[in-house]
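All chains should be built: construct the whole structure from the sequences, respecting the hints.
Mapping to the working numbering: the first sequence position 331 is 354, numbers consecutive.
What the hints contain is simulated information worked out from the structure, not anything from laboratory work.
One or more hints might be untrue.
To be verified - Subject to a maximum C-alpha distance of 30 Å in a straight line, what follows is the list of computed DSSO-like cross-link-like pairs (lysine-lysine):
(1) Lys267 to Lys370
(2) Lys179 to Lys267
(3) Lys808 to Lys775
(4) Lys588 to Lys231
(5) Lys125 to Lys542
(6) Lys495 to Lys179
(7) Lys171 to Lys542
(8) Lys604 to Lys209
(9) Lys542 to Lys160
(10) Lys171 to Lys125
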Amino acid sequence: MTQVPSYDPAVVEARWQERWARARTNEPDLDQPRRPFYNLMMFPYPSAEGLHVGNMFAFTGADIYGRFKRLHGYDVFEPIGYDAFGIHSENYALSVGTHPAKLIPQNIATFRRQLKRFGGMFDWRHELSTTDPRYYKWTQWIFLQLFKAGIAFRKKAAVNWCPKDMSVVANEQVINGYCERHPDTKVEQRFLEQWFFRITQYAERLLKNLDRLDWSDSTRTLQRNWIGRSEGAELIFETPAGAKIPVFTTRPDTVFGATYLVLAPEHPLVDQLTADEQRRQVNGYRREVQGKDLVSRRVGDRTKTGVFLGSYARNPATGEAIPIWIADYVLMEYGTGAIMAVPAHDKRDFEFATQFKLPIREVVRTGEPLPSVTEDGALMNSGEFDGLSCREAQRRIVAWLQAKGLATPQVQYRLHDWCISRQRYWGPPIPIIYCDRCGPVGVPAQDLPVLLPLIEDFRPDASGVSPLARHKEWYYAKCPQCGAQGRRETDVSDTFLDSAWYFLRYPSTEFDDRPWDPKRTTTWLPVTSYIGGNEHAVLHLLYSRFVTMVLQELGHVPFDEPFPKLRAHGLIIKDGAKMSKSRGNVVIPDSYIQQWGADTFRMYLMFLGPFQEGGDFRETGIIGIRRFLEKVWTTAHEAAHLTPGSALPPEVARKLHQTIKKVTADTESLDYNTAIAAMMEYENALRDAGCAMRDAVEPLVIMLAPYAPHLAEELWAALGHDRSIFHASWPSYDATLAAAGDVEVVVQVNGKVRGRVTVSRGASEAEVVERAMQDESVRKFVDGKPVRKTIYVQDRLLNFVL
RNA sequence: GCCGGGGUGGCGAAAUCGGUAGACGCAAGGGACUUAAAAUCCCUUGGGGAGCAAUCCCCGUGCAGGUUCGAGUCCUGCCCUCGGCACCA
Numbered sequence: 024m025t026q027v028p029s030y031d032p033a034v035v036e037a038r039w040q041e042r043w044a045r046a047r048t049n050e051p052d053l054d055q056p057r058r059p060f061y062n063l064m065m066f067p068y069p070s071a072e073g074l075h076v077g078n079m080f081a082f083t084g085a086d087i088y089g090r091f092k093r094l095h096g097y098d099v100f101e102p103i104g105y106d107a108f109g110i111h112s113e114n115y116a117l118s119v120g121t122h123p124a125k126l127i128p129q130n131i132a133t134f135r136r137q138l139k140r141f142g143g144m145f146d147w148r149h150e151l152s153t154t155d156p157r158y159y160k161w162t163q164w165i166f167l168q169l170f171k172a173g174i175a176f177r178k179k180a181a182v183n184w185c186p187k188d189m190s191v192v193a194n195e196q197v198i199n200g201y202c203e204r205h206p207d208t209k210v211e212q213r214f215l216e217q218w219f220f221r222i223t224q225y226a227e228r229l230l231k232n233l234d235r236l237d238w239s240d241s242t243r244t245l246q247r248n249w250i251g252r253s254e255g256a257e258l259i260f261e262t263p264a265g266a267k268i269p270v271f272t273t274r275p276d277t278v279f280g281a282t283y284l285v286l287a288p289e290h291p292l293v294d295q296l297t298a299d300e301q302r303r304q305v306n307g308y309r310r311e312v313q314g315k316d317l318v319s320r321r322v323g324d325r326t327k328t329g330v331f332l333g334s335y336a337r338n339p340a341t342g343e344a345i346p347i348w349i350a351d352y353v354l355m356e357y358g359t360g361a362i363m364a365v366p367a368h369d370k371r372d373f374e375f376a377t378q379f380k381l382p383i384r385e386v387v388r389t390g391e392p393l394p395s396v397t398e399d400g401a402l403m404n405s406g407e408f409d410g411l412s413c414r415e416a417q418r419r420i421v422a423w424l425q426a427k428g429l430a431t432p433q434v435q436y437r438l439h440d441w442c443i444s445r446q447r448y449w450g451p452p453i454p455i456i457y458c459d460r461c462g463p464v465g466v467p468a469q470d471l472p473v474l475l476p477l478i479e480d481f482r483p484d485a486s487g488v489s490p491l492a493r494h495k496e497w498y499y500a501k502c503p504q505c506g507a508q509g510r511r512e513t514d515v516s517d518t519f520l521d522s523a524w525y526f527l528r529y530p531s532t533e534f535d536d537r538p539w540d541p542k543r544t545t546t547w548l549p550v551t552s553y554i555g556g557n558e559h560a561v562l563h564l565l566y567s568r569f570v571t572m573v574l575q576e577l578g579h580v581p582f583d584e585p586f587p588k589l590r591a592h593g594l595i596i597k598d599g600a601k602m603s604k605s606r607g608n609v610v611i612p613d614s615y616i617q618q619w620g621a622d623t624f625r626m627y628l629m630f631l632g633p634f635q636e637g638g639d640f641r642e643t644g645i646i647g648i649r650r651f652l653e654k655v656w657t658t659a660h661e662a663a664h665l666t667p668g669s670a671l672p673p674e675v676a677r678k679l680h681q682t683i684k685k686v687t688a689d690t691e692s693l694d695y696n697t698a699i700a701a702m703m704e705y706e707n708a709l710r711d712a713g714c715a716m717r718d719a720v721e722p723l724v725i726m727l728a729p730y731a732p733h734l735a736e737e738l739w740a741a742l743g744h745d746r747s748i749f750h751a752s753w754p755s756y757d758a759t760l761a762a763a764g765d766v767e768v769v770v771q772v773n774g775k776v777r778g779r780v781t782v783s784r785g786a787s788e789a790e791v792v793e794r795a796m797q798d799e800s801v802r803k804f805v806d807g808k809p810v811r812k813t814i815y816v817q818d819r820l821l822n823f824v825l
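What follows is the structure in structure tokens.
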């Protein structure tokens, strides 16, 4: 018996991590790659608790894919960085009383240590942090490109305002209308002038390009629904005084049933349309709505509220005067901020009309009870259009009203323009100087970055002025155009802007005179494979696509889609919910790695369930992976002591080729759990056959390398190789051999399994029928009755229908 | 309420094209080895029933229907659960 050393993951893993770093194993030649493969994973937000198991699940899955491609001969570039700006860091810093500029480097140091310990194939030369001035200089530069192109603009928009914090709070900080930090304080709305990006201008392109992206269908569906294209028409309702109220509707066919109008409370025409006797009530309602936070205005079936303005407008189809109301279920942000209410055929309008006793007129006969929303029906109560189908009527009615100047066909998107202003401290300052004479002026490129000053009192105070505005030496700056004294923009930008371009920066991190090097960019981008969480399926991905599209239009990058191939992984659930600090269910991987080793823990996470679906974190079962690795360890060491020569036993050879086939396919499709199961089966087969031959073991060690890289390196070296296993090639399989061998065909009688026959693969139907009829049990159930029909599925099943 | 996932043994799961439901692993039970224990190895393990036995029969993939020779897989309606959300006209 050969002497097999014992497996000590701590020693093995430290050894190989040190060797990888020394030999620069994971640093591809970015300038002269033969087969570049940009393997990107969504960078983490470096929280104070450290990298959690959910992060590690994501990174392991992405790393396995990168290593798999490396073994296929690609020059894999796998960078990592930190998305470290934002409200979370700032709030955390406030709560512990330490400056974020001090906290973040600590957090990053922890993350870096954890990322190195788990054995990711990261190219550490290209690490980046969004908080680094060398990085956010270019975030600001991108803002300026959009500003110059007219894509960045200012407008007023509502924010959540906590009177106690004297500060803006995010939607997620609003709990049932109250401030997260002050449970007794109601959050209000305030209207502030803010910077927006005109993403809506790109809605059609963002939507259309989805068709050619290699993304999962569910992610594309989420994006499509978010963009929310709907076709309809803008109809004009005129008041006796001549005011024109445009409304957007997807159902112009129901215009004869529009019995009142509803405007958003913020609608600019409300003042003008309010009758004197209603003014007090209207103003009261508007105040009430403004007193509500933004969050409680969304979601769910709420009781409808609203107020009559006391005035009327003319229905363009019927000519009758219908009342005008305001209600908070109509949003200023969508369409024209006004709707024609058709209570008979819209659920919300129906509820509202019922509550306020407004007339309901059925105009589509559908045979269903009101409100009937289907478009399968014929028009009624609609004058000359009676009897038409809804589709037909939509075209005809719009054409008819259009001729009278009262309608325009229109496409509306649910997507809003992107508000990038944050009334906060911890972010990149928006590089704008306000000048009384010149207006908002962009900071010249040579003056970038506009450094975020390291002020101690970044806490919002009672003045209600942004923290940055209190620092006069920073706040006042010369107008770049006329030289007069100007004031800096004191808002910082959204973290989604930081992460909307980080993939462009990674290959070019060493350049300070350009955001990305053109040659590096054409060599490595667009990103070959992007893997990240489904929770970012909408915002991050949409914003990145938008920024890339604009940069392409402006001539800065040669492609308009940054992520041609994307795969979304599932979430790791703990105690019935995703891991988050607020839920207190965060699991940190360190102790598991210490106890079991990174390789075991990586594989354990991947074996938990399907990578693209995620699963519940639990602690039982890690031992199973460890046992498997120990078995491979033993088998490989035994093989190392045998002299190669004789051919593999046929059943081992067959199983080997079947395994290579399955592991190759499953790893490519990210079905890591079943790939691991296949390797386990193979190792079991080797032990059953008592076969520890080099030709049987080496392919297994290579297949294991993406999953358990340190262990694979160690075994590869033990097998006598002196270069890293990642210079080896992925094993190929012989399809004929993989398909060889006998198969068991199930024999059914009337759909029930009554017997099994073993035949050689690809046997003819006649042969299988003959064999099946010899089976006693099958004969018993056929019982001499005539077989009406025989169904044969090659190599699988035979069914006699009597 | 809307959008997108998911629901299969005691547990995590597998079944890739409508064709043997439960691969692989955990846990549990039994056995071998050991002075003993740990580790390791071997066997059993969806539920119910028949048989001395080899073995055989019935039921079973959230619920109720449907299509089909055949449904975990397809269709209709519902329930539960996770993630996202901006009552989107």
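Taking the hints in turn, this is what the structure says about them:
no., hint, verdict
1, Lys267 to Lys370, "holds (26 Å)"
2, Lys179 to Lys267, "holds (23 Å)"
3, Lys808 to Lys775, "holds (16 Å)"
4, Lys588 to Lys231, "holds (16 Å)"
5, Lys125 to Lys542, "violated (36 Å)"
6, Lys495 to Lys179, "holds (25 Å)"
7, Lys171 to Lys542, "holds (25 Å)"
8, Lys604 to Lys209, "holds (24 Å)"
9, Lys542 to Lys160, "holds (21 Å)"
10, Lys171 to Lys125, "violated (34 Å)"
Figure legend: structure checked against the earlier numbered hints; hints not met, in rising order: 5, 10.
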